[in-house]
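Visitor: So the sequence lines, in the order shown, correspond to chains A and B.
When you read off a place in the first sequence, starting at 1, and then add 7, the result is the number in my numbering.
When you read off a place in the second sequence, starting at 1, and then add 717, the result is the number in my numbering.
The hints are simulated quantities; they were obtained by calculation from the structure and are not laboratory data.
Since the structure is predicted, the reported quantities are computational estimates derived from the model, not experimental observations.
For every residue, glycine included, the Cβ atom is placed at its ideal position computed from N, Cα and C.
One or more of the hints may lead you astray.
Listed next, with one range per pair, are the computed distances between beta-carbon atoms [stated by the list, open to error]:
(1) A:G103 <-> B:N843: 24 to 34 Å
(2) B:Y915 <-> A:E225: 11 to 21 Å
(3) B:A950 <-> A:I100: 55 to 65 Å
(4) A:E146 <-> B:R839: 23 to 33 Å
(5) B:D817 <-> A:T234: 38 to 48 Å
(6) B:E779 <-> A:T19: 55 to 65 Å
(7) A:N185 <-> B:N843: 57 to 67 Å
(8) B:A735 <-> A:E225: 46 to 56 Å
(9) A:E225 <-> B:S771: 41 to 51 Å
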Amino acid sequence: MFRNQYDTDVTTWSPAGRLFQVEYAMEAVKQGSAAIGLRSKTHIVLGCVNKANSELSSHQKKIFKVDDHIGVAIAGLTADGRVLSRYMRNECINYGFTYESPLPVGRLVVQLADKAQVCTQRSWKRPYGVGLLVAGLDESGAHLYYNCPSGNYFEYQAFAIGSRSQAAKTYLERKFENFTDASRDDLVKDALMAIRETLQGETLKSSVCTIAVVGVGEPFHILDQGTVQQMIDAFEIVGEQEGPDAAAGQEASAEPEQGAGAGAGEGVAPMDI
Amino acid sequence: MDFMASKQPENSLLGPEADSQRTLYPYVTGTSVVALKYKDGILMAADMGGSYGSTLRYKNVERMKAIGKHSLLGASGEISDFQEILRYLDDLILYDNMWDDGNSLGPKEVHNYLTRVMYNRRNKFNPLWNSLVLGGIKNGQKYLGTVSMIGVNFEDDHVATGFGNHLARPILRQEWHENLSFEDGVKLLEKCMRVLLYRDRSAINKLQIAKITEEGMTISQPYSLKTYWEFSAFENPTQGAVGSW
C-alpha cells in the first residue's frame, strides 16, 4: 500500500471506491501480536501471544473478560481495545440489570460493529485500530466473532489475527472440521498448537501465551500459567529440546530445529503498538 | 416582601401547577388478578370490570394480554396506565423481534424490565398505578411473578393482586400443588374468583381465564360463575340484632 492523495481523511473516497484510512486501520491489526480463537458446540477458547517489551516489564493484557459468558481477545492498538472492552462490559451490565439475563453475544457484536462504523463516517474521528475476537454464549450455543475496524463482523468456527496469524490460520484450516464435537481439553490443545505456529520455531511456554475458556456451565476465565504449562507438557507440543535450565519434570519431544536455541532465543517481536 | 419570594419558571415541577403532571390517584380501575402455575404452564384469571370510583362503569375491559411469544401480563389498578405499559412492551417486543437472531425475551426478562419501569416511575413520584402479574413459559421453564406500583417484585407458584392477596392466596396456599392438571387449575381459579365475587364489591360476574403454554396463549370467552344466595343467614339477617332493622 502506498501513500496517495485520497488517504488523508477517513471521509474521502478514492476513485476506486476505497476508504484508505479504514484500510490503514486494518493494517494496524496485522501489526499487533497474534490472537486466535476456536469453538466447539459448547466451548470457545481464546489464546494470544504475549511478548513483553523487555525482561524488566510485564506483558500487555490482551484478553478481557466482558461478562461471565463473554470474553474478548484483541490485536492491534491495545489502548483502543481496552476502551472497547469497557464499552462491552458496560453494555452487558446494563442489559443484565434491566432484564436479569445475559446479553446475547450476537447482539453485543452488532452494537460493537455499529460503534466502529461511526468512526468511519465522521471527519473528526479515526477508526479504532484494533481487531477483536469476541467469544460468547447465547441461547443458540457457543459463538466466535471477529470485529474489524471497518465496522464489519463475521462469525467463525476458528480464526487468527495479528502478526504471523497466517501460520495459525493454516493450521486451523486443516483441523477445523473436528472442532464442533471436540472436547474442551482438545480445544485448548488445538489453541496451543495454533499459537505455536505463530511463534515460528520459538519454544512454546506458558510465559509467552495466555489462554482463556468459556463454555456451557463454565464462566469465562483466563487459565493460570501453571495449568497452561501443564497442558503444554501433557500434550508434548514443545517443539524444541529444552536445555538443562528448564523447569523440573518437563518432557520435550525431540524435534530438533536449527536456528534459535532454547532460553535466550526470544527475539524482540514487532512492537505491540 | 415580594422581592424575596422565589419565582418558579412556568415549566418547573415544583408547586401546585406541577401536580397535573403526575399521577395522584387512579380513576378507572380494575380489581384483582389471580394466577397459578400448572402442569403445562400458567393459568390466569381476571374479571372484565372497569370501575369509576364506586360505579361499575365499564364491563368489557380485557385486563390480560399476551406479550411476545412467551409471556402473559395481567393488571389491576388504573386501566389507562395498563394501556401505557402495553405500549412500552409493544416497543420492547418489536425491537427484540427486529434483531431476528434466534434470541427472544422470555417472561423473566419482561418481568425484570417491568420492575425497572415501575420502580423508576415511583422514584419520580409519578407512578404507573398498577399491580401487574407476569407469567409465562420458555424452554420448559415456567415463570410467574408480580410487580407492584412501587416496584416491589417477586416470583411464586401462585400470585394475586389487590383483594386477591387476602381472599384468594389463602385458598391457593391450602389447595395448590405441583403439576395441577388444566381442569383442576381452572377449578381452583374459579373457586378463588367466586369468593372474590361474593366479597369484593368492585368485582363483576364476567370473567376470563387465560392460559399460556409452550404452544402459545389462549384466552377464554367471557363467562359467568354460578352463585348461590339462598343461604339461610341471608334471610332475616337482622333477626338477632337488637336495635337493627
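Visitor: Each hint needs a verdict: does it hold in this structure or not?
Guide: Here's how the hints hold up against the structure:
With their beta carbons about 26 Å apart, G103 (chain A) and N843 (chain B) fall inside the hinted range of 24 to 34 Å. Roughly 55 Å separates the CB atoms of Y915 (chain B) and E225 (chain A), a value that falls outside the hinted 11 to 21 Å. The hinted window of 55 to 65 Å between A950 (chain B) and I100 (chain A) holds, with their beta carbons roughly 60 Å apart. At about 32 Å, the CB distance of E146 (chain A) to R839 (chain B) agrees with the hint of 23 to 33 Å.
Between D817 (chain B) and T234 (chain A) the Cβ separation comes to about 40 Å, which falls inside the hinted range of 38 to 48 Å. For the pair E779 (chain B) and T19 (chain A), the supplied restraint of 55 to 65 Å holds, since their beta-carbon distance comes to about 58 Å. Restraint check, N185 (chain A) to N843 (chain B): a C-beta distance of roughly 59 Å satisfies the suggested window 57 to 67 Å. Distance hint check for A735 (chain B) and E225 (chain A): the Cβ-Cβ separation is about 53 Å, which falls inside the suggested range of 46 to 56 Å.
At about 60 Å, the CB distance of E225 (chain A) to S771 (chain B) disagrees with the hint of 41 to 51 Å.
Comparing the model with each earlier hint shows violations of hints 2 and 9; every other hint is respected.
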